[in-house]
Every structure is written in C-alpha cells, then in structure tokens.
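For chain A, the structure is supplied; the task is to place chain B on it using the hints.
Heads up: the protein sequence lines correspond to chains A and B, in order. Count the first sequence with the numbering used here and you get residues 1 to 451, in order. Count the second sequence with the numbering used here and you get residues 1 to 120, in order.
Keep in mind the hints are simulated off the structure, nothing from the lab. The model shown is predicted, which means the values in this text are computed figures rather than measured ones. A few of these clues could be false.
Restraint-style ranges between C-beta atoms, simulated for each label pair [claimed, not checked]: (1) A:GLY417 <-> B:GLU37: 43 to 53 Å; (2) A:HIS122 <-> B:THR28: 51 to 61 Å; (3) A:GLU357 <-> B:LEU116: 35 to 45 Å; (4) B:PRO109 <-> A:VAL410: 56 to 66 Å.
Straight line, CA to CA, 25 Å or less: simulated DSS-like cross-link-like pairs of lysine-lysine [stated by the list, open to error]: (5) A:LYS400 <-> A:LYS350; (6) A:LYS135 <-> B:LYS16; (7) A:LYS376 <-> B:LYS45.
C-beta atoms are modelled at their ideal positions from N, C-alpha and C, and glycine is treated no differently.
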Amino acid sequence: MKNVIRIGSGAAWWGDRVEPAALNAEKGDLDYLCFETMAEATVSAAQVRARRDPSFPGYDTYLDDRMRAVLPACMARGTKIISNQGWINPDAAAQRVVYWLKEFGYAGIKVASVNGSLITEHVLELTDTILENGKPTASLQSTLISAEVYQGAEPIVQALQAGAQIVITGRVADPSIFLAPMMFEFGWDPLDHVKLGQGTGIGHLLECGAQATGGYFSDPGFKDVPEPWNFGFPIAEVNPDGSAVISKVAGTGGAITLQTIKEQLLYEVHDPFNYLTPDVVVDFSTAVLEQVGADRVKVSHIGGKPRTPTLKVSIGCTEGFIGEDMFFYAGPGALRRAQLAKKILEERFKIVKLEAEDIRIDYLGLNAIHGDATPKDAPEPYEVAVRVAARTKTREQAAKVGREVDGMAVSGIAHTGKRVPHQDRTREVIGVWSSLVPRERVIPSVNYFVS
Amino acid sequence: MKVKLQHVAHARSGDKGDTSNIAVFAYTPELYPLLKEQLTAERFKAFYAGAIKGAVTRYDVDQLHAMNFVAQGALGGGVSRSLCLDNYGKALSAAVLNFELEVPEALRPQLRGQHLLPKA
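Same shape as in the complex, but just chain A (with noise of 0.2 Å):
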C-alpha cells in the first residue's frame, strides 16, 4: 500500500480550461488525474442533442483536447485517469481514449467504461416521488427525456481492481470521481463511513477545481490572489486515512489558503452536519484545517456517517422555452429611456399576444442581476441595458421576444443602442426533477477496452 497518493483535478465542468489539467499531468507527479466534466442538466441536454444530431456521439464535447492535452505525460509518468465524460455514452468515450492512447503509440493500455446510470425507460418504475414537489414521478411522463441515478465510487473501484488505466464513466457524483482512487488504493471497505466521509470530503474540494486554488474567490482590497489569470488546479495528497494536504504545481497562480477551501468546503452544501452522496454522509462540521506551508492547506477530520438505502436520480424534463435579448443606453437619462423602454415592450407583447409563463424586463447595471435584493437605493448607473426574458411552451412564443427588441431598432426611442441579431435568442428549457431509487435496484456495468 502506498503512503500518499497525490490526486489531482483535471476539470471541474465541460467549459473549464485545458491548460491547467496538461500542467497538473506533466508538472503535478500524480498517481491519478480526475475530470468532472457534467452539471445538473447535462445529461438531458444530450438526449436532446442526440436525437436532433445522429453525429453528436453522446460524451465530453472536449474529450479530444483533453485526452490529447494530458494522454502524453499521463502515460510516462503512470498517472491513471478518471473522468466522467462519457455522459450519454461512456462505451464510446472509452473507444475514443483507445483511439489516441494508439494515435500517441501506447499500446495494451485497458481502458473501461461504467454505464447503468442511465435508467430512462425504467423511472416511472422505479421512484416514487419527485423531491421538489411531492408530486408522483408519473406525472413527469409527457415530458420525460432522460433520467439518470448518481452513482457512487464502486463501479469505478471495481474497474481499477481489473487493471484499468483510465476509466470513463457516465453519471456519478463529483467526489465519488475522487474517492475511488483512494478507495482502491488504500483498501477502503466501502461500507467505512469514517473514512469514506473524509476521502468524500476531500473529493468535494478537488471536484469544483480552481475554486480550491483561488479561483471564485478574488475581490480586490479585500481577497487578493496572485496572479489571477494563472490558476493551478488543485491536487491533494492524500495519507491512507484519508486526511490531505491540498496544493498546487509550483509557479501557478492563485493561492491555497484558510480561506479559499473553506469557502469550497461548504460550495453547493446545504445541511454540513449531513451532506448526502451516494456513498456515504459527510460531515464537514468537524473538519480541520491547518495551513502547513505556502499554498498547503492540511484537511483532516471530516466526519463520515452511514450511506443512505437510496441513490438520487436526476430526471430531466422538455419545459418549453426562453426568448432573450438585449439593448443599451448610455449617458445622462440613460435609466429613464431604459424605462420607457420597458413600458413599450410590455405594451408590445401584449399588441403580439406572446403567451408566456413568466416574463422578466431588467435593468442590467441596476437590478437585473440582484433582482428584488437589490438596494432601494442604488445609484442610477450611467449606462444600462435593458434585458427581457419570456419563458414559453413553444419556440414561436419565444422568439416574438426578440422580434420585439429587433422593433426597439427604428421604433423605439431616442439613444437606443442595439445588438445585430446574428445570436440565436430562443433556447429550450431542459427542467430537472429529483427523486429516490432504492440502491439495490441500479446495476452499475463496466466494460473494458484495450490499446
């Protein structure tokens, strides 16, 4: 067994920079490189585009930049990869990493896939209730595209113990990316929830990336990092109890301080005593921390609880859709004609019948960001732009929305500075419901492919 073993982050979403997953692989001497790639809505919006595009084939738009940025120094240093961006189709992401590992002359390399997250035709069968509403899950029928179970480390634990070198998997939660490397590594049963919840704990600050390294975190006079254009992705090293130091490859930017993982510690948390993943319950109030040298912070004491008997299920819905667009004033009385803009598109939507479900009309640089938490008494700014939003059940209702503004043109009032609509203003909503499965009814696959 080793001592420590040295994760680190690759991506922390699908739009995340490539550079700083190429430096962690040749700078960062890991054991594994980890990627997270998906956000709530990622799965149904490939549905969606799989069914309109036969060519899309269903995982990571950037697997290619990727696996290309870090396949090299991955292989010379014998750095395992775990990721999840095989989305829809992780059996053709994994065919696609044996592409390049024999494009890059790597040959007998295993790669595999896990899939069973995908649980689509079987939901209505399988759960009950949607979390947010109390309502059945049935009712979601109409509207179904997509439903996936969050599933945890052991599938991947599993494809490690058969020898595999990269592991592509579909839906799984964050940290569980993170926890299986150490789980296989360190022989962690995965019914220890002391443990589990300290290396789960761990995965949560590696999972969001640069937002352990200062990323997310700047403000100037009061949070300054160097170098903020810079950022290294976080690697944490991890001792056989599960308690790390995080840092980065020397020379990045950002900082690793008190701060920036306490703020990541409790990213996307609601109750910290009990933070539900698929394989254990983690408890962040205990947490340690203790800053052990520049850009080192020592993470020790997360709390762990027993799993729960269910596994979340994310289901993905076809809600209509949402007309958006823009237009600018500037100068003195720049506020004033932005309202009586306002005042006409409400009175034109009306002339044009838009049918819509919500319709928002803000002011961007007064209140179009903070809403009704906006200050009484903010001050008028010197420009402005006027931005509506309509939410609809067709795509027609959506785009009276920008015929609207593309009307503000000559129609509208004096000053009125506009966009070309060359940008596609209407975009379909994807809603997403939550509900339960019992953990024994999903039935994780792994399949294996070599170089």
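Coordinates of chain B only, in the frame set by chain A:
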C-alpha cells in the same frame, strides 16, 4: 460602529435546483460571534426581499467560523428554468456583503478593506 458585512466576512454561493446556498465566513474567530448574533436567518431572508421566495435555513459551522444559509426558491425555479441573467445565482452571495453589522471599535484592526471603513 456600523460596517458592511464585506469588512467582516467573505461569502460564496452555490446552486442545486431552485435552492441557493450562501455560505458566510468570518475573517477572524473574534468576528464570528457578531455574525451569529446579528445575521439571523430571518434578517437574511428579509435582506434578500423578493429574491428569495422560500424558507431560509441557517447552519452554523462553528469550527470553520462559518454559517451556511440555504435559501429555497432563490433561483427562479431552477437553473434551467430561471429567467435571471445570472441563472446559477453565482453573484447572489455578493448582495449580503451590503448587510450592516454593529462592530465594536476594538475589533476595527481585524476588519478587511480598511480603506473603505468609516473614520474612527
């Protein structure tokens, strides 16, 4: 003295469905009790006014000198349904930096952003 929360604490927001969690972290252990006492869940919800439609629960993580506010109905029905330009509510945590706290003069040296503090 009255100061804005930005001098006392830092914050980060995260999203899950239609729920935003806004975690608030005291810059020093001595400042944490002020937060606990003055930034209650009720005041937090009132401060965000109509931007938070549902309940607000506050979880205190004393060991980290942090409080996690979990605000339901804060993301316009959920990230994909939201009509807000910031549909993930990533910027939502900045609003609370404006919340006013009463801070004893003796703790002034511990406050961040000294250049923007009211003069003694």
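Hint check:
1. Taken as a hint, the range 43 to 53 Å holds for the pair A:GLY417 and B:GLU37, whose Cβ atoms sit roughly 48 Å apart.
2. Roughly 53 Å separates the CB atoms of A:HIS122 and B:THR28, a value that falls within the hinted 51 to 61 Å.
3. Between A:GLU357 and B:LEU116, the C-beta spacing of about 42 Å keeps the proposed range 35 to 45 Å intact.
4. Our hint of 56 to 66 Å for B:PRO109 and A:VAL410 holds, since their Cβ atoms are close to 59 Å apart.
5. This hinted pair checks out: A:LYS400 and A:LYS350 have alpha carbons roughly 11 Å apart, not beyond 25 Å.
6. Between A:LYS135 and B:LYS16 the CA atoms are separated by roughly 19 Å; this keeps the pair inside 25 Å, and the hint holds.
7. Restraint check for A:LYS376 and B:LYS45: satisfied, since their Cα atoms lie roughly 16 Å apart, inside the 25 Å limit.
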